[in-house]
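A.B. asks: Taken in order, these protein sequences are the chains called A and B.
Take the first sequence: its position 272, counting from 1, is numbered 272 in the numbering used here, and each next residue is one higher.
Take the second sequence: its position 161, counting from 1, is numbered 161 in the numbering used here, and each next residue is one higher.
Each hint should be verified, as a subset may be incorrect.
Sample of chain A residues with no beta-carbon within 10 Å of chain B, all distances over it, derived [unchecked claim]: (1) 10; (2) 13; (3) 132; (4) 154; (5) 174; (6) 277; (7) 301; (8) 366; (9) 369; (10) 472.
The calculated SDA-like cross-link candidates involving lysine to any residue, where the alpha carbons are at most 25 Å apart (straight line), are [as the list claims (entries may be wrong)]: (11) B:328 to A:97; (12) A:75 to B:230; (13) B:225 to A:99; (14) B:225 to A:115; (15) B:225 to A:373; (16) B:9 to A:97; (17) A:75 to B:326; (18) B:322 to A:83; (19) B:328 to A:74; (20) B:9 to A:83; (21) A:75 to B:329; (22) B:126 to B:173; (23) B:19 to A:107; (24) B:225 to A:86; (25) B:32 to A:88.
Honestly, the hints are just simulated from the structure, not real lab data.
This one's a predicted model, so the numbers in the text were calculated from it and none came from an experiment.
The C-beta atom is built at its ideal place from N, Cα and C for all residues, glycine as well.
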Amino acid sequence: MTENFSKFKRKHQIVRILKSLMAGVALGAFFGGIFLIASKSNFVGFCPIFALLIGAGVFLLSGTAVYFILHISDKKLAQDLDERFALQEKVQTMIAYRNDSGDLLDLQRLDTEETLADIPARKFKPKYLWAYFLALCIGFTSLAFGFAAKDKRKPVEKVEPFEISAMQIAGLEELIKYVDHSEMEEVYRVEISSDLTDLLGNLKAAKTEPQMQAALTESMAYIQATTYESSSMTEILNAFWNTQEPYAQGFAKTLDTSSWKEPNWGDFTEKLTEFCNSFHYQATEENETPTDAEKLNDLQSKLEYFTMKADMAFLASGMAETDPLYSVLYRFINEDQESAISLSAIAQSDTLTTYEQAISELENTFIGAAEDMYAVTAQQKINTNVGEYTMEKLATLFLVPVPPFEHPDFSKTNDNSGSSSDNNDGDQPSDGGVGEGAVYGSKDLVLDPDTGEYVEYGTLLDKYYAIMYEKLENGNYTEKQKEIIKNYFALLYSGMDNEEGN
Amino acid sequence: MTEEMNIEKVQLFSEKIAKVQEELAKDVVGQKDIINNVIIAIIAGGNVLLEGVPGVGKTRLVRALGKTMSLPFSRIQFTPDLMPSDVTGTNIVEKDENGRLVTKFRRGPIFANLVLADEINRATPKTQSAMLEVMQEHKVTIGNDTYKLKEPFFVLATQNPIEQDGTYPLPEAQMDRFIFKLIVDYPTNDELLDIVKMTQITMEETAEAVINGEEILQMRALAMKVPVCDEVLLYAVNLVSNTHPALEDCTPTTKKYVKYGASPRAAQGLVTAAKIRALMNGRYNVSYEDIETLAFPILRHRIKINYAAVNDKLSVDDVIEKIIKETKRSTK
Numbered sequence: 001m002t003e004n005f006s007k008f009k010r011k012h013q014i015v016r017i018l019k020s021l022m023a024g025v026a027l028g029a030f031f032g033g034i035f036l037i038a039s040k041s042n043f044v045g046f047c048p049i050f051a052l053l054i055g056a057g058v059f060l061l062s063g064t065a066v067y068f069i070l071h072i073s074d075k076k077l078a079q080d081l082d083e084r085f086a087l088q089e090k091v092q093t094m095i096a097y098r099n100d101s102g103d104l105l106d107l108q109r110l111d112t113e114e115t116l117a118d119i120p121a122r123k124f125k126p127k128y129l130w131a132y133f134l135a136l137c138i139g140f141t142s143l144a145f146g147f148a149a150k151d152k153r154k155p156v157e158k159v160e161p162f163e164i165s166a167m168q169i170a171g172l173e174e175l176i177k178y179v180d181h182s183e184m185e186e187v188y189r190v191e192i193s194s195d196l197t198d199l200l201g202n203l204k205a206a207k208t209e210p211q212m213q214a215a216l217t218e219s220m221a222y223i224q225a226t227t228y229e230s231s232s233m234t235e236i237l238n239a240f241w242n243t244q245e246p247y248a249q250g251f252a253k254t255l256d257t258s259s260w261k262e263p264n265w266g267d268f269t270e271k272l273t274e275f276c277n278s279f280h281y282q283a284t285e286e287n288e289t290p291t292d293a294e295k296l297n298d299l300q301s302k303l304e305y306f307t308m309k310a311d312m313a314f315l316a317s318g319m320a321e322t323d324p325l326y327s328v329l330y331r332f333i334n335e336d337q338e339s340a341i342s343l344s345a346i347a348q349s350d351t352l353t354t355y356e357q358a359i360s361e362l363e364n365t366f367i368g369a370a371e372d373m374y375a376v377t378a379q380q381k382i383n384t385n386v387g388e389y390t391m392e393k394l395a396t397l398f399l400v401p402v403p404p405f406e407h408p409d410f411s412k413t414n415d416n417s418g419s420s421s422d423n424n425d426g427d428q429p430s431d432g433g434v435g436e437g438a439v440y441g442s443k444d445l446v447l448d449p450d451t452g453e454y455v456e457y458g459t460l461l462d463k464y465y466a467i468m469y470e471k472l473e474n475g476n477y478t479e480k481q482k483e484i485i486k487n488y489f490a491l492l493y494s495g496m497d498n499e500e501g502n
Numbered sequence: 001m002t003e004e005m006n007i008e009k010v011q012l013f014s015e016k017i018a019k020v021q022e023e024l025a026k027d028v029v030g031q032k033d034i035i036n037n038v039i040i041a042i043i044a045g046g047n048v049l050l051e052g053v054p055g056v057g058k059t060r061l062v063r064a065l066g067k068t069m070s071l072p073f074s075r076i077q078f079t080p081d082l083m084p085s086d087v088t089g090t091n092i093v094e095k096d097e098n099g100r101l102v103t104k105f106r107r108g109p110i111f112a113n114l115v116l117a118d119e120i121n122r123a124t125p126k127t128q129s130a131m132l133e134v135m136q137e138h139k140v141t142i143g144n145d146t147y148k149l150k151e152p153f154f155v156l157a158t159q160n161p162i163e164q165d166g167t168y169p170l171p172e173a174q175m176d177r178f179i180f181k182l183i184v185d186y187p188t189n190d191e192l193l194d195i196v197k198m199t200q201i202t203m204e205e206t207a208e209a210v211i212n213g214e215e216i217l218q219m220r221a222l223a224m225k226v227p228v229c230d231e232v233l234l235y236a237v238n239l240v241s242n243t244h245p246a247l248e249d250c251t252p253t254t255k256k257y258v259k260y261g262a263s264p265r266a267a268q269g270l271v272t273a274a275k276i277r278a279l280m281n282g283r284y285n286v287s288y289e290d291i292e293t294l295a296f297p298i299l300r301h302r303i304k305i306n307y308a309a310v311n312d313k314l315s316v317d318d319v320i321e322k323i324i325k326e327t328k329r330s331t332k
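Only chain A is shown next, with the shape it has when bound in the complex (with noise of 0.2 Å):
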């Protein structure tokens, strides 16, 4: 090999590596970028410097195989030499004959390399060098709009090691003994023990944050469920308040523990017995001077719109009438009517002949079911408060958010009075009575849903009768509930039959 060939060959290699580089870099850059705007973009399911690592694999492999590509054989670089530079085939005798000598063949040697060495290796210049610019400008801009690129991945979170400490275990033993010495009723506290006793054995096997979160939202919410499957006192409130009824939502006021920290028989009874006071007749200005038989009649109305209402409201809770509260209340409002020891029994009752005897019976049966009320109302308020008690615990050993405890929500407002609910001074009742709210009477025009008219109330009372009646038939009610409904159109009737003869 000649010195001079030498120094083109060095510059051709050193030609390659700078192409190689460029051609490695700018594919890198290129295929970088578009990985990366993919993986900001969630187009694949990588992490950004994912896309990083395989614009660096594209730059060694594009790049060694652009090296290997832009690889010439000296008889090749001769050919090139002898083309730019118009040398008619000297350097490619030279090489070819380069291994022989001969008379003639060492003088062409020497001519060639005088050639040569008049040529400076600056003048052997990279062909195409601008396309490998242009390419390291694409793979540039690619990869500057993959940086700048809106990362819409939903943000990892850093998993946090977890280690159950000796205090959260103490914590948690503790409340297993709480729960397990509880008076919450047996089969809740068991399933809740059982729980807790779980999540103890899966707290101390999980190594990460997200796993003690998973056990603990598993266990709180299983504990939850457990609680307000314990007490049915939630539902079948919201359903006396819902009701808009002043009496069914001064009852709901009064059965409401959830304000207790402990049942207490004194506070119960106290509200009972304000709540069976508000049925006792208001004088008013118009009649200051009622007669008895006047009295009578108030009183028994009010207690027949109640205990409508209250049927209602035991439907609209959807409780089974197992359930110890649903049970207890329906008896008090609805049953032994022909002993006239419920509400509804006083209410229809003809063999009442003054107030006095009215108010006696109704005090009567308010403290003949008092017991009983107090009795479930208590034990669910046990359950509840052990239940909220075991989760408020858990939340605060682990550090985690309490979730959301369902009480009696008595926010809502009367809508057809507009006036809110708690304008009706604490505890107490309103004044009650029929048509509080937006009352028709039968010769009202009211809108017909099905016609887009305004009819009379009575025609409508009718219709609306009879595709009750069809319902009732073919749907599948108990026959509690259709009794409940057919009482409540009965009533609707009656009402009528009153407005008439008025």
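Got chain A; can you put chain B on it based on the hints?
C.D. replies: Same frame as chain A, but now just chain B:
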């Protein structure tokens, strides 16, 4: 052999060529390419066919060339009645010293180193054929006797392309014996002026001998050592092959315009002549340019173009030029 000696040889080669060119310039005005090609042919040991209209200096060129060389020179004016024996010589009966009749071979004008065959196409084919063995093998066979000619030996023939009456076109076999066919063009006005001025002084050639046969042989030996790389060699071969329309991978021009192509002698002559041309140009290797330049004089009398070429008003040189363009050089 040392490098200095090689350089001396090459320098001597160049000096001799320069001297021949200088001497020829005394008697021949212009025609530098023709002169150079004739010199190349002589060093290559090939015969040359000079074609040109009358009066352009063909004969003068050859005569002047003969004078520059210290070599026996003879001229044969070809005519239709010229017999082969008039060229090669013949056996005659004569008395020896003892008065006995003996047969003796009388050598014809062909027995020289440089033979001018003037207006060769005026001789009959029979006489033209007598030149075949001489031109190729440099020997003459008369009866049972073969006579070897002295080296170097060249035939420089002339022919007139215009006057076709009473001429006999040279057969292809004989044409192939000429390494070059050179077209001697009409001189330019300036050249014509110089010619007129020169001939006002004397019509005789004034060139002097500057080279001898031995030197020509040495120059030939030196030129044969000029290296040719494979790519150029392959290009020369491909160029000649591409003149054959029967070959599948010949050029489109060949398929369209060539009736038949050049013989292998063309390839041999092309490379040999290219080596000499390279050395004459001070180069020690053959280039593509050498091959392409010499392709015209080497191929033009070996290729037969067809009617399509004539119809398209293409000359042989036009077709050769197209073939050259269509012949690919070695790719990278």
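A.B. asks: Each hint: holds or not?
C.D. replies: Quick rundown of the hints versus the structure:
| no. | hint | verdict |
| --- | --- | --- |
| 1 | 10 | 19 Å, holds |
| 2 | 13 | 17 Å, holds |
| 3 | 132 | 19 Å, holds |
| 4 | 154 | 55 Å, holds |
| 5 | 174 | 88 Å, holds |
| 6 | 277 | 114 Å, holds |
| 7 | 301 | 114 Å, holds |
| 8 | 366 | 113 Å, holds |
| 9 | 369 | 110 Å, holds |
| 10 | 472 | 98 Å, holds |
| 11 | B:328 to A:97 | 23 Å, holds |
| 12 | A:75 to B:230 | 11 Å, holds |
| 13 | B:225 to A:99 | 16 Å, holds |
| 14 | B:225 to A:115 | 21 Å, holds |
| 15 | B:225 to A:373 | 130 Å, violated |
| 16 | B:9 to A:97 | 21 Å, holds |
| 17 | A:75 to B:326 | 23 Å, holds |
| 18 | B:322 to A:83 | 21 Å, holds |
| 19 | B:328 to A:74 | 21 Å, holds |
| 20 | B:9 to A:83 | 30 Å, violated |
| 21 | A:75 to B:329 | 14 Å, holds |
| 22 | B:126 to B:173 | 13 Å, holds |
| 23 | B:19 to A:107 | 23 Å, holds |
| 24 | B:225 to A:86 | 23 Å, holds |
| 25 | B:32 to A:88 | 22 Å, holds |
In summary, the numbered hints that this structure violates are 15, 20.
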